[in-house]
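Chain order of the listed sequences is B and Z.
The first sequence begins at 1 in our numbering and counts up by one.
The second sequence begins at 1 in our numbering and counts up by one.
Hints in this document: simulated from the structure, not taken from any laboratory.
In this text, a Cβ means the ideal position worked out from N, Cα and C, and glycines have one as well.
A portion of the hints provided could be inaccurate.
To be verified - Covered by chain B, according to a simulated footprint, are these stretches of chain Z (three or more residues, beta-carbon under 8 Å):
#, region
1, 68-82
2, 136-143
3, 153-160
4, 238-248
Stated by the list, open to error - Computed cross-link-like contacts, EDC-like style, restricted to lysine to aspartate or glutamate with a CA-CA straight-line distance of at most 16 Å:
#, chain 1, residue 1, chain 2, residue 2
5, B, LYS309, B, ASP252
6, B, LYS463, Z, ASP335
7, B, LYS159, B, ASP252
8, Z, LYS315, Z, ASP335
9, B, LYS463, Z, ASP236
10, B, LYS212, B, ASP270
11, B, LYS309, B, GLU119
12, B, LYS159, B, GLU119
13, B, LYS159, Z, ASP335
Residues per chain are reported as follows:
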Amino acid sequence: MITRRHLLLGGGVGLLALTGCGPQQAVDLVLGVEAPAPAVNTAATLDLPAHILRRLTFGEHPDDRAALLALAKTPDIAAEAWVVRQLHPETIDDSVCERLIRRREALAEPLGELYEFKERVLLHELTAATLLRAVYSKRQLHEQLCHFWNDHFNVDMSKGECAWVTVAYDRDVIRPHALGRFSDLLRAVALSPAMLWYLDGRVNRVVNKDAKPNENYARELLELHTLGVDGGYSQQDVMEVARCLSGWTVRDQHQWRKGLVEFHRDAHDDGAKTVLGQTIAAGGGERDLDQVLRIVATHPSTARHVARKLCTRFIADNPPTAAIDHVAQAFTVSSGDLALTMRALITSDAFRDPAGFVAKLKRPFHYVASCLRATAAQSNAGNEVIDYLGRLGHLPFQFPTPDGQPENAEAWTGTLLWRWRFAGAFAQGNLAGTRVDGDALVQRFGSRTATAAHLFARQPTTKESDALTSAGANALAIALGSPAFQRC
Amino acid sequence: MNDRTLVLVFLRGGADGLSLIAPVGEDAYHRARPTLAVKPGTGHRLDERFELHPLLKPLGRWFDEGKLSVIPACGSDDDTRSHFYAQDLMDHGGHNVSGGWLGRFLRQTQGSGGLGVLEAVTLGSAVSESLRGAPTAIAFTSLDDLGGADDHALMDACSALTIGDPLLGIPALSALTASGRLDALRRAPDHPAHGAEYPTSTQHGDTAADFGARLRLTARLIQAGVGLKVACVDLDGWDSHFVQDTVIAPRLTALGHGLSAFATDLGKDLDRVSVVVISEFGRRVAENTSLGTDHGRGGACLILGGGTTGGMQGKWPGLTTDFLEGPGDVAVANDYREVLWPVLKRHGANDRTALFPDNVVSNAS
Chain B
1 MITRRHLLLG
11 GGVGLLALTG
21 CGPQQAVDLV
31 LGVEAPAPAV
41 NTAATLDLPA
51 HILRRLTFGE
61 HPDDRAALLA
71 LAKTPDIAAE
81 AWVVRQLHPE
91 TIDDSVCERL
101 IRRREALAEP
111 LGELYEFKER
121 VLLHELTAAT
131 LLRAVYSKRQ
141 LHEQLCHFWN
151 DHFNVDMSKG
161 ECAWVTVAYD
171 RDVIRPHALG
181 RFSDLLRAVA
191 LSPAMLWYLD
201 GRVNRVVNKD
211 AKPNENYARE
221 LLELHTLGVD
231 GGYSQQDVME
241 VARCLSGWTV
251 RDQHQWRKGL
261 VEFHRDAHDD
271 GAKTVLGQTI
281 AAGGGERDLD
291 QVLRIVATHP
301 STARHVARKL
311 CTRFIADNPP
321 TAAIDHVAQA
331 FTVSSGDLAL
341 TMRALITSDA
351 FRDPAGFVAK
361 LKRPFHYVAS
371 CLRATAAQSN
381 AGNEVIDYLG
391 RLGHLPFQFP
401 TPDGQPENAE
411 AWTGTLLWRW
421 RFAGAFAQGN
431 LAGTRVDGDA
441 LVQRFGSRTA
451 TAAHLFARQP
461 TTKESDALTS
471 AGANALAIAL
481 GSPAFQRC
Chain Z
1 MNDRTLVLVF
11 LRGGADGLSL
21 IAPVGEDAYH
31 RARPTLAVKP
41 GTGHRLDERF
51 ELHPLLKPLG
61 RWFDEGKLSV
71 IPACGSDDDT
81 RSHFYAQDLM
91 DHGGHNVSGG
101 WLGRFLRQTQ
111 GSGGLGVLEA
121 VTLGSAVSES
131 LRGAPTAIAF
141 TSLDDLGGAD
151 DHALMDACSA
161 LTIGDPLLGI
171 PALSALTASG
181 RLDALRRAPD
191 HPAHGAEYPT
201 STQHGDTAAD
211 FGARLRLTAR
221 LIQAGVGLKV
231 ACVDLDGWDS
241 HFVQDTVIAP
251 RLTALGHGLS
261 AFATDLGKDL
271 DRVSVVVISE
281 FGRRVAENTS
291 LGTDHGRGGA
301 CLILGGGTTG
311 GMQGKWPGLT
321 TDFLEGPGDV
331 AVANDYREVL
341 WPVLKRHGAN
351 DRTALFPDNV
361 VSNAS
């Protein structure tokens with residue numbers, strides 16, 4: 001069960017950012033009492049709660065484990081309860097984080113009004129909000145899924161008018177559907193100004209019988225968004241899908257009602273088409289889009305492709321086939337219900353196999369967010385932190401190619417020294433707008449060993465203990481730089 | 001062989017071969033591309049049929065001097081027309097092979113005197129897929145990436161915990177070792193030789209300046225004799241479905257000015273360097289309704305330096321309908337591995353089958 005006390009404890013993270021006081025003080029202010037020592041895993045290896053809190057969040061906050069364990073009598077049942085709540089983010093009060101985001105008023109503007117802002121302002125606000133949510137949102141699994149889908153349906157703010165409309169893309173397309181139904185998400189993406197700009201759908205026009213449609217979106221729809229490159233489509237299918245989608249466009253900044261998505265019948269190829277063996281009759285007009293999306297969303301290759309990508313993100317860089325099959329089946333049986341699909345993933349044998357715990361390397365954004373979360377740091381996600389994301393090669397909404405940021409560990413080991421530099425600058429308090437109190441953290445856990453056990457989600461090894469003991473003032477930076485903290 | 005350097009410039013996104021090496025002498029070219037075709041006489045003349053794109057004119061000098069080979073209709077056996085699949089295939093050098101072809105090349109030529117950690121470098125944020133399987137490989141974009149003003153106590157402690165880690169140990173050790181080796185280079189003044197002028201942001205745009213800076217760093221590594229055998233430098237963003245000229249102009253500028261400055265900078269050292277420029281595929285012959293081109297097959301390849309004989313090379317399949325592939329693409333008349341092999345041989349490779357197992361031909365060819 002969840003007590004008011006636990007809710008308040010959890011809320012302290014966001015509160016402190018609002019009030020400017022330390023995390024412990026914030027809690028004390030609310031409760032008027034000393035909070036109990038937070039829980040840590042006392043075993044030498046991760047247990048299920050530790051694995052779940054590490055793999056499915058942007059890092060373990062000092063209060064996370066105690067809050068999870070309080071949900072039920074045994075750790076495993078408590079872990080289940082935590083997952084169920086996280087799969088239904090609407091049941092989790094996130095008002096503290098939402099208040100932090102609401103201060104960034106540009107992010108709440110209606111689509112057309114976004115054009116009133118400078119591009120760099122929107123880029124900064126969206127980047128900062130993305131990091132703040134990763135650090136302070138209590139809907140951690142939802143945040144993880146938002147990142148996943150922003151990679152899967154990648155757009156780049158440097159292309160065309162994506163600079164303005166991507167704020168609406170993240171807010172109105174990705175976030176509402178991240179744990180919803182895949183077909184709804186796919187349709188929202190297909191009809192979003194950001195995707196129409198990013199993959200040139202807006203200029204896919206067929207005005208006479210000899211005109212050649214723009215294939216860009218059609219190809220990536222099949223290859224990246226749905227079936228996968230080996231999913232059984234041909235070049236002919238790409239061209240037929242491009243014909244089906246011709247005529248959809250979006251009004252640009254020089255027009256009245258900027259950002260409005262509309263269908264131009266005179267730019268649509270209204271002849272008969274065949275997509276993946278299914279006939280789409282002539283004269284379908286704007287209905288062609290829904291026919292195409294239905295065919296691809298329900299194709300068996302799509303279930304497998306999405307399942308493989310989810311397993312790669314949440315299980316292992318090379319997930320076992322059995323796990324992919326299991327998740328693909330849940331996707332199919334539930335008609336693409338993403339919460340049920342994720343539940344199948346999290347309950348799979350592969351996800352729960354201790355051999356796979358801490359097998360994933362945190363990608364740089366995850367790493368930076370987890371440094372802030374794990375230490376209960378206060379941050380306004382200012383430029384100095386964001387600059388490090390750039391150095392680490394992992395700025396959200398700025399990846400140029402439609403395959404999204406890579407998921408495999410090897411893609412990210414080249415900037416390891418920058419992770420250490422970040423750990424140093426962060427722990428030593430050298431990042432403007434970001435504060436961490438290492439001593440308070442140790443006080444909170446009662447000892448350095450317990451603090452290390454929190455950061456590693458297990459007891460430190462002798463080698464780790466020795467390194468931290470001899471490190472003096474650098475201990476926190478070294479713990480954050482160590483290979484155990486690089487993984488999740 | 002131990003002082004030779006191979007520089008691979010991968011044009012990611014599918015560079016339009018018919019713009020880089022424009023067949024201005026073919027009527028079919030102008031019919032298929034009423035708005036996008038390069039106008040005859042505006043580029044650098046290669047022969048009676050071809051011209052280099054006007055923005056590649058700085059490379060004309062190297063062609064005329066016999067230092068630049070130009071190969072049209074070059075590509076792989078990929079017919080998915082997927083960027084990512086085609087890039088993977090070209091990075092790996094075959095369908096069912098282990099690691100990348102440059103990784104196999106480096107293993108094959110191991111023992112011929114490489115100096116270790118700076119033997120294979122990607123001037124970018126991650127080690128290139130083509131280097132997978134190399135005895136050692138490292139990625140960085142600038143000397144800053146490899147330290148200088150670091151907190152040494154922190155770096156030491158982090159490395160002590162990391163070295164030996166199955167995933168992070170080798171990257172950590174490589175980065176730290178390279179950092180030490182590059183200290184001298186970091187202190188040395190950074191002046192291009194022989195009056196070479198690399199592209200600048202103000203004059204040539206950010207894309208060209210960034211590409212030029214990575215080429216300049218490559219030249220410094222070559223000039224400093226750090227044992228560089230392979231350098232990978234990507235030039236991204238060639239996917240020109242929409243208003244192609246706007247998309248590719250900054251990249252052509254980068255390629256033309258950047259490579260020309262690099263060759264000038266190297267001076268006589270260019271004789272021991274080969275620069276190979278490839279892309280995963282070329283683009284559709286006919287332009288689409290949005291002044292762009294869609295994914296195609298055969299594209300362009302350029303080879304600059306001492307490892308090539310210069311001039312127009314390879315077969316040309318022509319652009320008439322009978323010779324086009326699929327939806328209207330330039331046929332791949334010159335497999336990229338056929339083109340690479342003579343270069344790799346000059347850089348010490350001796351076993352073609354081991355490099356490209358599913359492109360079997362005699363080692364003697």
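Do the hints match the structure? See the list:
Coverage of the region 68-82 of chain Z by chain B holds [criterion: at least 3 residues with CB-CB distance below 8 Å; count 4]. A count of 3 residues in the region 136-143 of chain Z with a Cβ less than 8 Å from any Cβ of chain B is obtained; the coverage claim is therefore met, three being the minimum. Coverage of a stretch by a chain is defined here by at least three residues with a beta carbon nearer than 8 Å to that chain's beta carbons; for the region 153-160 of chain Z and chain B the count is 6, and the condition holds. With 3 residues having a beta carbon nearer than 8 Å to a beta carbon of chain B, the region 238-248 of chain Z meets the requirement of three or more and the stated coverage holds.
Of the supplied pair hints, the one linking B:LYS309 and B:ASP252 is violated, its CA atoms being roughly 33 Å apart against a limit of 16 Å. As the CA atoms of B:LYS463 and Z:ASP335 are separated by approximately 53 Å, the hinted pair breaks the 16 Å bound. Between B:LYS159 and B:ASP252 the CA atoms are separated by roughly 13 Å; this keeps the pair inside 16 Å, and the hint holds. Among the hinted pairs, Z:LYS315 with Z:ASP335 is consistent with the structure: their alpha-carbon atoms are about 10 Å apart, no more than 16 Å.
Between B:LYS463 and Z:ASP236 the alpha-carbon distance is near 43 Å, which puts this suggested pair outside the 16 Å criterion. Restraint check for B:LYS212 and B:ASP270: satisfied, since their Cα atoms lie roughly 14 Å apart, inside the 16 Å limit. A hinted pair counts as satisfied when its Cα atoms are at most 16 Å apart, and B:LYS309 with B:GLU119 does not qualify at roughly 31 Å. Among the hinted pairs, B:LYS159 with B:GLU119 is consistent with the structure: their alpha-carbon atoms are about 11 Å apart, no more than 16 Å.
About 33 Å separates the Cα atoms of B:LYS159 and Z:ASP335, which puts this hinted pair outside 16 Å; it is violated.
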